[in-house]
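Protein chains: 2
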Amino acid sequence: MDVADLLTSAGINISVCVVAFSLYSVLRKQPSNACVYFTRRYISEAIRPDDPFSLRRFVPSAGWIMQAWRATDEEILEAGGIDAVVFMRIVVLSIRIFIIAAVICVFLVLPVNYYGKDMEHKNFRFESIDVFTIGNVEEGSKWLWAHCLALYIITCAVCVLLYLEYKSITKMRLAHITGSHPNPSHFTVLVRGIPWSQDHSYSKSVESFFSTYYPDTYVDHQMIYRPSTVHKLKKDAKKMYRILRPVETEYVRGDKPCYLCGGTAHTFKLLQNGEDSIRSQTSIDELHPTQIEKECPAAFVFFKNRYAAVVAAQVLQSSNPMLWVTQLAPEPHDVYWSNLGIPYKQVWVRKIVVLLIALAFVFVFLFPVTLVQGLTQPHVLTRWFPQIKGVLKLRFLNMLVTGYLPSVILILFLYTVPPIMMLLSRIEGNVSRSDRKRSACIKVLYFTIWNVFFVNVLSGSFINQMSIFSQIRELPMMLAKQVPTQATFFTTYVLSSGWASLAFELIQLFALICNILRRFILRSKKEPTNIALTFPHHTEIPRLLLFGLLGFTLSILAPIILPFLLVYFFLAFLVYRNQILHVYVTKYESAGQFWPIVHNATIFSLVIAVAVLAMKKSPMASGCTIPLIIISLLFNEYCRKRFSQVFKRNPAQVLIEMDRRDEQWGKEEGIYNRLRSEYCQLAYISRDLTISKDFSVAGPNRQSSTDHNSPQGADENSLKQESDSRE
Amino acid sequence: MDVADLLTSAGINISVCVVAFSLYSVLRKQPSNACVYFTRRYISEAIRPDDPFSLRRFVPSAGWIMQAWRATDEEILEAGGIDAVVFMRIVVLSIRIFIIAAVICVFLVLPVNYYGKDMEHKNFRFESIDVFTIGNVEEGSKWLWAHCLALYIITCAVCVLLYLEYKSITKMRLAHITGSHPNPSHFTVLVRGIPWSQDHSYSKSVESFFSTYYPDTYVDHQMIYRPSTVHKLKKDAKKMYRILRPVETEYVRGDKPCYLCGGTAHTFKLLQNGEDSIRSQTSIDELHPTQIEKECPAAFVFFKNRYAAVVAAQVLQSSNPMLWVTQLAPEPHDVYWSNLGIPYKQVWVRKIVVLLIALAFVFVFLFPVTLVQGLTQPHVLTRWFPQIKGVLKLRFLNMLVTGYLPSVILILFLYTVPPIMMLLSRIEGNVSRSDRKRSACIKVLYFTIWNVFFVNVLSGSFINQMSIFSQIRELPMMLAKQVPTQATFFTTYVLSSGWASLAFELIQLFALICNILRRFILRSKKEPTNIALTFPHHTEIPRLLLFGLLGFTLSILAPIILPFLLVYFFLAFLVYRNQILHVYVTKYESAGQFWPIVHNATIFSLVIAVAVLAMKKSPMASGCTIPLIIISLLFNEYCRKRFSQVFKRNPAQVLIEMDRRDEQWGKEEGIYNRLRSEYCQLAYISRDLTISKDFSVAGPNRQSSTDHNSPQGADENSLKQESDSRE
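Sequence order for the protein chains is A and B. Mapping to full-length UniProt numbering: the first sequence position 413 is 413, numbers consecutive. Mapping to full-length UniProt numbering: the second sequence position 340 is 340, numbers consecutive.
In isolation and in its complexed conformation, chain A is listed as follows (with noise of 0.2 Å):
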């Protein structure tokens, strides 16, 4: 590939996403499309089309992208919360590096690589890539000290960054779990493996234990109930709607407790008119928890302040460590409640059982695909299906089978690796939806990380996997091999894929095909539901850090990735940020959680790309990036050192101090009368249930975010679940 053919495919993708965003631009500006563009929005204020048509309405314009730039960190905080930030703060750290990279690149090493070799060189227009990389520089060159240079300086700038970074996300958790409103996953403890006990419940036992070894912090607990007893009251819920429904019956808010929690929730009381007879077969008392004899052996376990919940969360209770496991609890609206069902005991088999599984699936997910692909081999469906040899003759066809085919089955089998990631982190028995997508992002990154860069290096093409397997031990110097040579693909990779990938991630063409159909083939005139979606960082985080990693290693073997990297990641800071205001909605929060994950990956990346360059053959490049390995290590463990446990567990010290400014002002009472409703398991299932918006069986809903624009029946709700877990 010389510069020519590069720089055609850069105006091919650069018109591409000139288009893409033109139509978005256009797109967004339909009225019918505020759900797909405006979901933030649409959801809470639930905006209706009072724009009259205007020829303005189909003109592009550039104002999201204003929009979107003038945008301020606090803007994005309060929109998507500090999981958006981390996010953008990854988008802007790599601008930051790469910016530094792309300076030195181009001004040293670039000249050197092209330099390189004694040669005659061509018109520049039609000088092959190859020129540009270190591939061009002779073994053993003395000029090996310019890439080296280069490489300390990104390192420093990568190490002191990162360090900024870190510190700046540390403060930014720490000033979450300050914030002003009172936080109930602060006060409560979940509780796991209570032991069993045959003369009483597990609920006196959790009462019993915490009022014996926690007498005077120890306020109240709440059981968590199996999901079929749960179940059984939903459709006892539902049963009784159904024979309520035709009656027109008046209900008024009573302030009766719930049968749960016990909680004051808003349930409700027949009047008077009428049918007497409906009343006693289906009263309240049927709700009534003598069924729930099913419970948990899990609990949430609350406290008199944030201090004591800390303390009972980090301490070991028992002594045998399978009993009595305690964490604090997840937010509210975080919790998995299917999953805390699930029996501690079962849940480090689970999660070696799941690791085993998402093992298996990085490493042979190209087998399958492989196959399949091959299918696609003309001679191969002939061979099969000998009746469509007639028109396999077709030159079109053919070459569409054969040139396209291949890689729609490659793309559509990539499209459902989040999904099962997502799936194996549900089973691998996480309590809260934060920690679920937290898990699959990590799988996701193997996965991605394995398969994109390191089956590419390796083999060059996703067929000749296999032989990787029997050359592993040769991998080092393979990857220092391969790398530079691989240098046009991955350009080409970031140029199509990533840019590509923006424009997809703007349009929404899946919410958007999905809301054509609705309005103009199904002509529904009912409100969409189930439109809002979480921002999928199991996907996207992912997909940043890879970009990351080829931006590193390339950077001093190839420099001339940078610069369209550069654009990669400047778009995608417009672009996300732009979704994070309009699209997403935040139903919970990890605070941070995702960027331990983000500094591993990229002292990871910044490892690999010095090993690559130390396995060139030059004494000189690899006696200088020994230490430069050693020094990013080092630099990792301080940092682990310094900032992981903050993002583990809460410091004391800052909790008493909240607790003792709580105190004083008495706000105590207040939290602890939410704390019950908080953590109904039924306010949840009620969501479900949605059957008018007052006749929700218990507790208030803080985020009641799509569910209360749900004005369909019940059945609606297995979408919402199935939509669950593409989250």
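Bear in mind the hints are in silico, worked out from the structure with no lab data behind them. Please note that the accuracy of each hint is not assured.
One copy or two, either will do: identical chains are not told apart, so a pair holds if it fits within one copy or between any two.
Listed next, the in silico SDA-like pairs over lysine to any residue satisfying Cα-Cα at most 25 Å (straight line) [as the list claims (entries may be wrong)]:
| # | residue 1 | residue 2 |
| --- | --- | --- |
| 1 | Lys345 | Leu633 |
| 2 | Lys167 | Lys351 |
| 3 | Lys204 | Leu517 |
| 4 | Lys167 | Ile603 |
| 5 | Lys351 | Leu381 |
| 6 | Lys167 | Trp196 |
| 7 | Lys304 | Ser201 |
What you are looking at is a predicted structure, and each value in this text was computed from that prediction instead of being measured.
On the provided structure of chain A, position chain B as indicated by the hints.
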């Protein structure tokens, strides 16, 4: 090697052992050797020679064997603490496992091996040992099921036994925690990383921090001072002693507070019999801590009850995890004072550096040894020192140089390993002696397993070690090929090195020679000092585990090793029991911290054993062993989950109950009063002064073992400090 050779070798080794054991039984009866063979009693009771000369003293007897055999577990526990019991449990576990293995392998595997090939069997005596190994079974033979079955039975037995042991040792550890004496370490937290403040001292910081955040439970604290400051104090005290000595003074115990710790300490008071000038010159004020401005950023903090201490130790204190780092304090006698002054920020760097050094030491140990050994070759020697050419022509000397010198050099080098590892563990910054020993134990274990097992298996000779590094990729295959062929070597290794080491341990050659030198050459009449050694867990546990590893890997492949191994473990049982009862003293206690190491090493041995069989070219063998590896690893993970936490953190439930009991019995006051003096830095230096029994600067020494019996000058203590690193 044939069977007759092996039996001859066994015969020789048995006679050596019998001679050594008889010699021991005679030597121990000599009253002059009481300090070598009855150190424990000698120190505490100061037995004096009272036995008149009799012939009985020179007749070997087996009384000690009976005594060791009859001793109950309670006696061992009393004499050597939990660590000694844990050590004996390793021996007993090994005996149990290898009895099961021996029964199965002798009756099932051995016949299969012996008749594995169609061949004419010679007279049993002249049969090669290789006939009894798996090497004699044809590759892919159907009879390999016997080996698989045996392996399954052994693995299951090991897992069951390991589980029971882990359970019982966990129970023992918990019993030790709840044991009758209130342990000062349960009330004390070691705080490191106290932040520097310009306004006030570290001591002030500690006080303000803990009285702010733990107002109800914080009692007091005890700063740690720089060793230089403490040395200055010590020097002053010595100076004062020298001035005071000539004057006949009468010391009267006064209850003045100790100037470092403030606790009531037994200071002294000069009576009026003259020379007031001395009093003014060397008044106690010189000891006053106006000089002690050099505090370290570390302190012991005392709490009202155990639960408060455990909470303070387990909770993350500050939002900067490098500050206010807490952990439960080691027991007073276990504290390694000189390491307490190391700033916490350095500790992680030290750990990494020591890890690297230790790894380098383990892997390149044999190079210098081989080089030095090479120098003892006659042709090298004569090239370097031509003048000794004539001497080497004498056949005897030549034999000596070429035959013995290399092994002597190797053995000498091997003897340096434990002290070096101990030194490294000291540099690492461990704050307690038991941690240091545990860390050294792990290092020696890696060293032993690599340099004795893997290097022998992989190269067959010490000299070809370098080639291993290049072949490290084929390691599993090489293991499978080499282990059976090395069976003969390992069998003789157990016979010679194993049995001999026990005889060596029993006779305590080093101490015996020192004693003889002192009595008969130096003709010293003084009482020997510094003879009390703690049990050398860090050399003996790796040795036992190495033999365990040999047993596991060879039990299936070459079952002929098993009887010899059983004899070794049986002798070890007697010898170590005897040594624990009579020789070693217990100065500190890790309360079973060695067990997790043993557990992991045993599982590792098991996996290696299974993997070695899996590599044999038999699809059945490989197929049936893979589940075995998975089961072993799952079992290990389960034990880790189930038990290992108890070895890291003290469970709250247990401590709260102890606190309540103490409160009921009104014991608390007594404990508070003891805490300060128990953790007094000067108290431990006062032991170094050892001027007279009453001239102790501070604090009661609960187990003052050796030091009170040393009426010699303070200078002898330099020796003690050296012996410290030998411990």
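Here is how each hint holds up against the structure:
1. Lys345 / Leu633: This pair counts as between: shortest inter-copy Cα distance 16 Å, intra-copy 35 Å.
2. Lys167 / Lys351: between (31 Å within a copy, 24 Å between copies)
3. Lys204 / Leu517: neither (54 Å within a copy, 72 Å between copies)
4. Lys167 / Ile603: within (16 Å within a copy, 41 Å between copies)
5. Lys351 / Leu381: Neither: 41 Å inside a chain and 61 Å across chains, both beyond 25 Å.
6. Lys167 / Trp196: For Lys167 and Trp196, the Cα distance is within 25 Å only across copies (20 Å; inside one copy 44 Å).
7. Lys304 / Ser201: within (24 Å within a copy, 35 Å between copies)
Hint compliance for this structure: hints 3 and 5 are not met, and every other hint is.
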